[in-house]
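**Student:** So you can see what is in the structure, the chains are spelled out below.
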Amino acid sequence: AQKITQTQPGMFVQEKEAVTLDCTYDTSDQSYGLFWYKQPSSGEMIFLIYQGSYDEQNATEGRYSLNFQKARKSANLVISASQLGDSAMYFCAMRDSYSGAGSYQLTFGKGTKLSVIP
Amino acid sequence: DAGVIQSPRHEVTEMGQEVTLRCKPISGHNSLFWYRQTMMRGLELLIYFNNNVPIDDSGMPEDRFSAKMPNASFSTLKIQPSEPRDSAVYFCASRGDSNQPQHFGDGTRLSIL
Chain A
1 AQKITQTQPG MFVQEKEAVT LDCTYDTSDQ SYGLFWYKQP SSGEMIFLIY QGSYDEQNAT
61 EGRYSLNFQK ARKSANLVIS ASQLGDSAMY FCAMRDSYSG AGSYQLTFGK GTKLSVIP
Chain B
1 DAGVIQSPRH EVTEMGQEVT LRCKPISGHN SLFWYRQTMM RGLELLIYFN NNVPIDDSGM
61 PEDRFSAKMP NASFSTLKIQ PSEPRDSAVY FCASRGDSNQ PQHFGDGTRL SIL
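Chains A and B are the protein sequences, given in the same order.
Take 1 as the starting number for the first sequence in the working numbering and just add one per residue.
Take 1 as the starting number for the second sequence in the working numbering and just add one per residue.
These are computed hints drawn from the structure, not numbers from a lab.
Hints should not be assumed to be uniformly reliable.
Stated by the list, open to error - Here are the simulated lysine-lysine pairs, DSBU-like style, with alpha carbons at most 30 angstroms apart:
(1) 3(A) / 70(A)
(2) 24(B) / 78(B)
(3) 16(A) / 70(A)
(4) 68(B) / 110(A)
(5) 16(A) / 110(A)
(6) 16(A) / 73(A)
(7) 110(A) / 78(B)
(8) 70(A) / 113(A)
(9) 110(A) / 3(A)
(10) 68(B) / 16(A)
(11) 68(B) / 24(B)
(12) 68(B) / 70(A)
(13) 78(B) / 68(B)
(14) 113(A) / 68(B)
(15) 70(A) / 110(A)
Being a predicted model, the structure only gives us computed values, none of them experimental.
Let the hints inform the model, and build the full structure from the sequences given.
**Tutor:** The structure is reproduced here in structure tokens:
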């Protein structure tokens, strides 16, 4: 079963508008973490935002916020006031459970390609 | 501060040749991860190290792939012999505390002809 599901292969948004990128996850762990990364056409992977499963407040980082709904197992990324430079692939990822050696893996979704229209 | 440094940025070689990808993690990070990204399969974890020790190599596709981390500041991913289906972008990432994000290098774009 897929642990991270991003149902939107591609999204369009008008410049200066807000956009929500969907992410649902599947885990039986009580302690986990959710991450969003941005991959522009140049190829690098850029960390955007993190939400811990015990965090009561939704994470925010500048124009990025994470709409965390624990009961629904969703962790949607909201980008406010979209800019042309936001055009990129966006990946949702989840930190896996403890492997027994102090290190946690990340499981990535397939990604959503966001295109910002001028 | 320097991020994760990967070399080379691009590699084009003929099938059958040995390929070595290099990674320098962020200083102080004790976990290192190698990923492969393709259009078909997305981002796949190949192997990860904690304190220079390989923890899980179940993602390594086959015996042609090997990875080492001789010290805290250097890791290699080797493919020998290389095949055209190994063509992909290979990322190295490092992380400190387990609640911290992984920081990625710029990747190595590998093309096997």
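**Student:** Looking at the structure, which of the earlier hints fail to hold?
**Tutor:** 10, 12, 14
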